[in-house]
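J.: For reference, the chains in residue letters:
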Amino acid sequence: MVGRSAPPAHLAVRGIHKRFGGVHALKGVDFEVARGEVMALVGDNGAGKSTLMKVLAGALTADEGQFFLDDRPVGVNSPNDAAALGIQIVYQDLALCENLDVAANLSLGTEPVKPGWGFLPRLLRPLDELEMEVRARSAIDRLEVRTLQSVRAKVGGLSGGQRQAIAIARAVGAQSTVVMLDEPTAALGVAQTRQVLEVVKRMRETGHAVVYISHNMRDIFEVSDRICVLRHGSNVATYRTADTNPDEIVVAMTRGLDPSTSDAA
Amino acid sequence: MQPDARLSLLDRFRALRRTQFGTFVPVLFALAVIWGYFGLVMPLYDLATGAADSFRVIFLSPRNIYNLFMQSSVIATLAVGITVVLLLGDIDLSAAATAGVCAALLGVLVLAGVPGWLACLIVMAIGTLMGLAQGLLVAYVGIPAFVVTLAGLLGFQGLMQKILPTGNLNVSDPFVRGFARVLIPDLWGVALGIVVVALFAYGSLRKQMKRRARGLEIDSPLALWGQVFLFGVIVISVILTLNAYRSLPLLLVLLVGITGLLGWITTSTPFGRALFAVGGNAESARRVGMKVKRIRAAGFGIVGLMAAIGGIFGASRYGSVSYTAFAGGSLLLEAIGAAVIGGTSLFGGRGSVWNAILGALVIGSLGNGLDLTGASAADKLMVSGAILLLAVAIDAVSRGDSAGSR
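Chains A and B supply the protein sequences, listed in that same order.
When you line the first sequence up against the working numbering, it's residues 18 to 282, in that order.
When you line the second sequence up against the working numbering, it's residues 9 to 414, in that order.
Note that these hints are calculated values from the structure, not bench results.
All values reported here derive from a predicted model rather than from experimental measurement.
Note that the Cβ used here is the ideal one computed from N, Cα and C, for glycine as well.
Mixed in with the good hints, there may be bad ones.
With a straight-line Cα cutoff of 30 Å, these simulated DSSO-like cross-link-like pairs (lysine-lysine) come out [unchecked claim]:
id : chain 1 : residue 1 : chain 2 : residue 2
1  : A       : 171       : B       : 301
2  : A       : 171       : B       : 299
3  : A       : 171       : A       : 218
Label pairs and their calculated CB-CB ranges [to be verified]:
id : chain 1 : residue 1 : chain 2 : residue 2 : range
4  : B       : 217       : A       : 208       : 30 to 40 Å
5  : B       : 261       : A       : 134       : 19 to 29 Å
6  : B       : 155       : A       : 132       : 36 to 46 Å
7  : A       : 222       : B       : 216       : 31 to 41 Å
8  : A       : 224       : B       : 155       : 47 to 57 Å
9  : B       : 354       : A       : 232       : 30 to 40 Å
10 : A       : 224       : B       : 220       : 32 to 42 Å
11 : A       : 208       : B       : 405       : 28 to 38 Å
12 : A       : 132       : B       : 175       : 50 to 60 Å
13 : B       : 220       : A       : 139       : 25 to 35 Å
14 : B       : 405       : A       : 139       : 36 to 46 Å
15 : A       : 109       : B       : 70        : 54 to 64 Å
16 : B       : 220       : A       : 271       : 55 to 65 Å
17 : B       : 162       : A       : 109       : 40 to 50 Å
Could you put the whole structure together from the sequences, leaning on the hints where they help?
T.: In structure tokens:
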């Protein structure tokens, strides 16, 4: 496999198996991603990308396999386990509340409350709206989302690219080190896609380990450092983006490494 | 996205609706139209056609305004509660029946010699439990709220008839009657109003200073002072008008106080934020770790509590509990109508308890005004229907593109 000389893995999984009844969706997949790296995860439909991603996020539990975070074995059996380890996922549907403003969405579920109201249950203490806005501003500034005018704008009124950026900012803001993006540009136009790709590049600079799932070769070659190709629930290969080209990746996705032996794998 | 070179009237309207004060605009407008019609146009018309020899101020007289506020208070109490479940994207059809059961129970309890304050606490607890029980069925068993509360509506109507076999019971307990009878002395009422306005102004200014200190975007001074001024004018003029007839009734102070508390809970606490989040996107709320089921159940508990309070207020105001005044009458639909006219979305995630009070005033003003003009019950029903339809149409139009994508 290419990529042995890559930076030390932050999150790594070895020999992941996942079966759904009679369907063997993942057949011993290895995967790794380092900090400050964008690892693209590609494969044809049914290759096991989504299953692998859900296993990494704790939404599905692997039947077999090991997880390592900075070479330390860890267990990920629920989304809460993954979140506690700093693994965040941005699903394709983004899961934003359109009726709330940007600041509220960014701190959803972890709202800051004012100190000094300890006699009330946490759910009824006054929200610290200003702290919320300060946090939102810093999260947005860190990702350099320049088109966003105000963190007090309702998400329902924003463009698709801005929403994607906010969903990413929420994942980044939650003390995460690994952020997985599922088809972040699938529904976006050219300008919006550009905006999201800029945000993804910023995440590399902030030292996050980014897993980028996409079908769009142009986007992948623009943002990724390495490309992991899956086929029929198994690894085909991991390429350095600089050493390969879209044709090679497409061939690997559709036919595997060697056409004569691919069906046996 | 369309190029936004030219803002159409509709876009401007939508932009206005998105501002903090903008949510009040449609309902205030409706209120102004109704008051203008009954208070100015009708008397002028009578004067012009010779039906009256002088300009008769009936609708806008302090006496009628006082009655109007009192008439609307029970609707408003229920509407405030219903707003909470509407925010969740659910509905409660049983609120008026719950209020009826609580009022009937209250009457029976005080008749049996239970002290008034204790009876009130008991029925508030029972109302909360009735709401909570339905909420548990909705949240944990997964039955649609419409069905659960429809069953509640029928069941509680029957329960009220069981408690009051004659369908009517006088309530003469001085504590219970006190809510509607006790009046705040004129001067105290004005002082209370000034204190509330001063606190509002202080709070707004302090927030503005803090925003500036932390380098956040600040509201324009015009908007800030406009808000304070408008708020002050409304509060003081309401109190002065009520003083001109009798005085500020304790009932209204309690209603505003409870609404203020609920308003604060829904907008300024993590629980309130969770209400909006669940109503806006329940899946999103679940993914960020909110306990969606508990929050929904709690929302129904709050409606139950507000229904019980509405029952107490109603018993206090009418001096009696009757089947038709609560469970069997039009109270439920008026309360839901008030919440929706106030601008609370039936689809969840958008609305405010304060708007519910204004919506209740719209419904109350319609009924009161049509009564004064001698309209029949049939006219009242048809006009109320038209207003409700108009309110929902305004809601749908101002939702705009976000409604189209859902």
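J.: Next step is simple, just say for each hint if it's right about the structure.
T.: Hint-by-hint comparison with the structure:
no.: 1; hint: A:171 x B:301; verdict: 25 Å, holds
no.: 2; hint: A:171 x B:299; verdict: 23 Å, holds
no.: 3; hint: A:171 x A:218; verdict: 26 Å, holds
no.: 4; hint: B:217 x A:208: 30 to 40 Å; verdict: 39 Å, holds
no.: 5; hint: B:261 x A:134: 19 to 29 Å; verdict: 25 Å, holds
no.: 6; hint: B:155 x A:132: 36 to 46 Å; verdict: 44 Å, holds
no.: 7; hint: A:222 x B:216: 31 to 41 Å; verdict: 36 Å, holds
no.: 8; hint: A:224 x B:155: 47 to 57 Å; verdict: 51 Å, holds
no.: 9; hint: B:354 x A:232: 30 to 40 Å; verdict: 38 Å, holds
no.: 10; hint: A:224 x B:220: 32 to 42 Å; verdict: 33 Å, holds
no.: 11; hint: A:208 x B:405: 28 to 38 Å; verdict: 29 Å, holds
no.: 12; hint: A:132 x B:175: 50 to 60 Å; verdict: 54 Å, holds
no.: 13; hint: B:220 x A:139: 25 to 35 Å; verdict: 29 Å, holds
no.: 14; hint: B:405 x A:139: 36 to 46 Å; verdict: 39 Å, holds
no.: 15; hint: A:109 x B:70: 54 to 64 Å; verdict: 60 Å, holds
no.: 16; hint: B:220 x A:271: 55 to 65 Å; verdict: 59 Å, holds
no.: 17; hint: B:162 x A:109: 40 to 50 Å; verdict: 43 Å, holds
Figure legend: structure checked against the earlier numbered hints; every hint is met.
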